[in-house]
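Q: Position chain B against the provided structure of chain A, taking the given hints into account.
Chains as they are written, first to last, in the working numbering: chain A, 1 to 692; chain B, 1001 to 1692.
Heads up, a few of these hints could be off.
Unchecked claim - Beta-carbon label-pair distances, calculated as ranges:
#	chain 1	residue 1	chain 2	residue 2	range
1	A	650	B	1197	27 to 33 angstroms
2	A	62	B	1017	23 to 29 angstroms
3	B	1130	A	650	37 to 43 angstroms
4	A	157	B	1197	50 to 56 angstroms
5	B	1157	A	129	33 to 39 angstroms
6	B	1197	A	310	50 to 56 angstroms
7	A	157	B	1130	27 to 33 angstroms
8	B	1291	A	62	41 to 47 angstroms
9	B	1157	A	583	55 to 61 angstroms
10	B	1430	A	147	15 to 21 angstroms
11	B	1432	A	208	39 to 45 angstroms
12	B	1432	A	233	41 to 47 angstroms
13	B	1278	A	145	53 to 59 angstroms
14	A	432	B	1157	54 to 60 angstroms
To be verified - Chain A regions said to be covered by chain B (calculated; three or more residues, Cβ under 8 angstroms):
#	stretch
15	132 to 145
16	596 to 607
Hints listed in this document are in silico derivations from the structure and should not be mistaken for laboratory results. Glycine included, every Cβ here is placed at the ideal spot set by N, Cα and C.
Below, each chain spelled out in residue letters.
Protein chains: 2
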Amino acid sequence: MSSAEKAMVIFQPSGRRGQVERGVSIIEASRRLGVDIEALCGEKKVCGKCKVRIEQGAFQKFGITSSLEHASPWQEEEAKFVSAGEREQGFRLGCAAKVLGDLLVFVPEESRAGKQVVSKAARDIPIERNPAVKLYTVTCLPPTFEEPTGDFERMCRELTKEYDLNDLSIDWHALRKLPGAIRKGKWTITAAVWNDREIINVWPGTVSDYYGLAVDIGTTTVAAYLCNMRTMQVLDTVSMMNPQCKYGEDVMARITYHQMNPGGLERMSNDLVEGLNSLIAQACANTRPPLVKAKDENGKAIKDADGQPVLVEAPQEGVEYLRLGPADIVDITFGCNTAMHHIFLKLDPEPVGLAPFPPVIHHSLDIKARDLGLNINPGAYAFIMPNEAGFVGADNVCVLVAEEPHRAEEMALIIDIGTNGELVLGNKRKLISSSCATGPALEGAQLSCGMRAAPGAIERIKIDPDTHEVDYKVIGREAWRSFSEPKEMQTKGICGSGILDVLAELYSSGVVSKSGRFAKEQKSKRFRSMADNPRQKEFVIAWAEDTSIGKDVVITQKDIRQIQLAKGALYTGCKLMMRRMGVAKLDKVKIAGAFGTHVDKAKALTMGLFPDCDLERVMSVGNAAGDGARVVLLNKAKRDEANWISRNVEYIELTVEKDFEQQFMESMQLPHMTDQFPHLEGLVRPEILHQK
Amino acid sequence: MSSAEKAMVIFQPSGRRGQVERGVSIIEASRRLGVDIEALCGEKKVCGKCKVRIEQGAFQKFGITSSLEHASPWQEEEAKFVSAGEREQGFRLGCAAKVLGDLLVFVPEESRAGKQVVSKAARDIPIERNPAVKLYTVTCLPPTFEEPTGDFERMCRELTKEYDLNDLSIDWHALRKLPGAIRKGKWTITAAVWNDREIINVWPGTVSDYYGLAVDIGTTTVAAYLCNMRTMQVLDTVSMMNPQCKYGEDVMARITYHQMNPGGLERMSNDLVEGLNSLIAQACANTRPPLVKAKDENGKAIKDADGQPVLVEAPQEGVEYLRLGPADIVDITFGCNTAMHHIFLKLDPEPVGLAPFPPVIHHSLDIKARDLGLNINPGAYAFIMPNEAGFVGADNVCVLVAEEPHRAEEMALIIDIGTNGELVLGNKRKLISSSCATGPALEGAQLSCGMRAAPGAIERIKIDPDTHEVDYKVIGREAWRSFSEPKEMQTKGICGSGILDVLAELYSSGVVSKSGRFAKEQKSKRFRSMADNPRQKEFVIAWAEDTSIGKDVVITQKDIRQIQLAKGALYTGCKLMMRRMGVAKLDKVKIAGAFGTHVDKAKALTMGLFPDCDLERVMSVGNAAGDGARVVLLNKAKRDEANWISRNVEYIELTVEKDFEQQFMESMQLPHMTDQFPHLEGLVRPEILHQK
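Looking at chain A on its own, in the form it has when it is part of the complex (with noise of 0.2 angstroms):
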């Protein structure tokens, strides 16, 4: 393809470019060249999600011109996103203009994805100060004529003397530090000691504060804990997308694409790196005064040579800040699945999707951060945590090592509801691991109008068994549906939560049958064939009226069929496990993860998510796996804890077993309890209950 047919397109604020050929719309040009754009609606002209600006002008610095009529011509469908004003300032939807010339394209803030990830905030949990990395303070002699020992002897002698510290080696970036600091800190210093072995960091004189980091990676998420190693107190929870979703939704995926692309590991794996070190970069500008825009005498902002307001920072009246750089950090530990571990740590991740999945490794990994390309102090380690399997990873050691089967009397099932399902049963005596396909539909995702937990989400409904009406509420506005006006609910879709929660309501309402099949008779006009394909039907939770996206939002055939998937796939596990084990009955079950979190415990009994247990022995633990990597990050003991878990836990493979098909089958009924559920009386009518 010559030139003549291809355009530059850059992007501000982020600053990337490239060429793109002529007639792909914006979308996709910020695709390939790497800039997240919010693409709600599939590029369907209906969310109007991807609002974009087209700069006008000769751009000197970047040598091109810019103007609208680069862009394909304004549609009629933009005009419901985009105001009049708008239009003559340049905005257009990203996914309705194509690229015909060189275009600079601004994305504003709220058009970026990713922005609305919920964090995943600390639990409060009970851990023993015991860290990897630890700080210790010593005086030493300054050297003479007659003692002319060196820098680094010298620290070690009093170390020996005053901490009983003996053989200790030093990192090179530490030693490279040492001279200057001993001696700005008149021959007083601190060293930061890994597991008594290796000093990591110096600093000149006293210091007791110190930081470090505990990453949580999820396939869809990434969320990372700053602790104040000294305190234990968790500073700030930062979280973003993980920038590698743009590979591929779930794990299968992104092996695929390392298997269909050279180099693809490598840069799956930078993406990840570069993605952690902004996070790591926002971490510590939270510690930071906020920026705001220099004004003059007349209150007018101060502009630089570029014409970009000058920031100054604006530090609030009676708070302390603690200003920390990277080089600050001098821990950080990683809990992740096992794909994600081996893209993070470019291990060839092929094995671990082909039968029968090995990992390449098991054991937890020490490596030099700065090995890893991650910016924090340049002699600190990562702690990579152990995995289990190839499909019950180092993410599920950080859910144990956090809740602690293995020392508990009770028979636990844990099921950490992700991507992939991974379950744990067992107690001080055994405990088993297994993984279940439940696929993201119970994410929110790949469901006709799935969406991730954010703003203008429905999580919350009850549909009239009588009449089949539908009320509802969405996440970011505490009245419901039928207490508003239809503009002030904005709805955009169904969040992962809340799709159990109309299941339920759909199965218990009468519209859908046990089967999963919306019954013949409805009572609703919500009930319809879907416009491009009349043979399917599909029922509307809320009229286009309700939403910003500007569409009915509805739940499809197919949808609930994506749904009973993942309940049967995660049912059948517990089910199977249980056989394995002998168990009859669960003493508790505890669901870690976001969805854990959000679900309406007894909605998830009464569709079958998980075998029969007494309503208040079902607890939600939050992001488990988050709270794992911070009590190996505070405590080294449970570093080697990890790695008996990874080893002790006994791995099933449950698709090998005869009669998995049949319990799969029969998982996918709703509500899966056939027999007994006297605790479900009052949760669920009773002609519903017992329908056969």
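A: Positioned in the frame of chain A, the structure of chain B alone reads:
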């Protein structure tokens, strides 16, 4: 300075380029752009060593036009070295031609500096084989559903079973190779294990030969020994000038360069590492067939698009080529003096240069070679030998590891003469060390006609005591001057080992007196006043007609003073150490370094370079520092011994002894031994020996 006053100069084949002020010489431009051109005579247009070719034409690739007119006009002196034919091709002397406009300058092989460094050959010393890096081959069972253990644990299980290796960790880079290698080898794999602790590399299948490099970083010369780690055979010795020479001749000059230039430390270190990588590449290239110009069927050289000849491998029949690459080198060891150690590792060398001269660290270091920027196997460690003291470094520890005075009964004095003299005295009961500022005179540097030990350097001399006529021989020619035609000598200067010969002959023939001053009465016209300073005297060793530098090779009063200072410092050091130790007579004297290899032992004793010892008990031990680096490469127990040595040899600061000055003054006399030297009878004429 405006760019109009500057010109672009590009050097080939290195490709280095940059702007320089118009008017500077090509030699000066080369220095600024980091290109090493031989400049033996110090830009006096008398040695002809800096011959370069100015390329003519418009070079689109570089965006410049280069022509002879862009250099200052031809000078008559150049004709002595540049033939008419060469002149037509564009040859000039780099010191004569000044840059007036853009130039593309080609530096021919023979003008590149550093080419004449004499290889420091490896000695045949007994080494017990026990390398830090060992190979182990195992065959694993492939994973199954019943036993899906990961690759790393699968391999380790066999390593434990077969070789009792436990608790192994693995380098990240080796881990990345593991899944591919273990499958390629059909579950047979060879692991390189460092110190029975860490797997640093893996290969598919069975591998038995592997390679390591022992490196001796001198202030002036760097030598590296490529070893087969299985057979312990030295495959190749490669050497180069220390690229830091351009920042200063000696240790103190480089420390000063660091103090005066921000970023100077990094620059010196990076230059050295770049040089080391070339040396590694060269050692590897030597294991491949030589490259020759490809020719077409008519015997004409084939050229590539740039007009450069295409090169092809020309393997010799019957020769087996190892075809090693940098990744085949899995271990590397370094010995160097303390300042070189610090500059190499970017450790602030300033304290080493300030009393009481403490180093940053004594202990040996294991640093990932990749961290240092060394291009060998990415999992390999560099082992850096420990330092004794600020002025007795890791290179001296190397010598002791190779010579083992701490295991001997006899009282030995070990002298390592580099730019600094390092002295060790003792036996298995006690060892003391010291250093003395010999300066570079004994290496031939900083003398008016001093040079490196290269072809054309005077290495032996005889002066007739009656006529003061001179006979001499040069390196690279068997016949003495008296048996040659003048033009056959091609003399260039005097090398380090020749210097002592010259001084001994000057003294024993009566040209200079015991005090080192030229005798009042001279018998030859070789004694004369210096042309540019008539009050200063000089003695002609070789007339201009014997030389290739077009001028007389002389020795001046100042030169003699330099040598006296060097030998005085050395002798004083030895004497004071013996006094400290309470030793009257030495059992043995070992001279390490290139100086030791070339020096005439009798003349060294005559001149009083070191205290009295039986002549047959004085021995040269060659490049013992390099030997020591090779010992620790092949025997890890010697690494522990090196650390023991570094902390158990007592360093003595001699300059603080109260009669140091007095001793030093006395030691400068020729020869030093004023009382007893029966062993010198027959070596020196009696009237000289006993003169007062």
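Q: Just pull the numbers of the violated hints for me, sorted ascending.
A: Per hint list: 4, 9, 12, 13, 14 and 16 violated.
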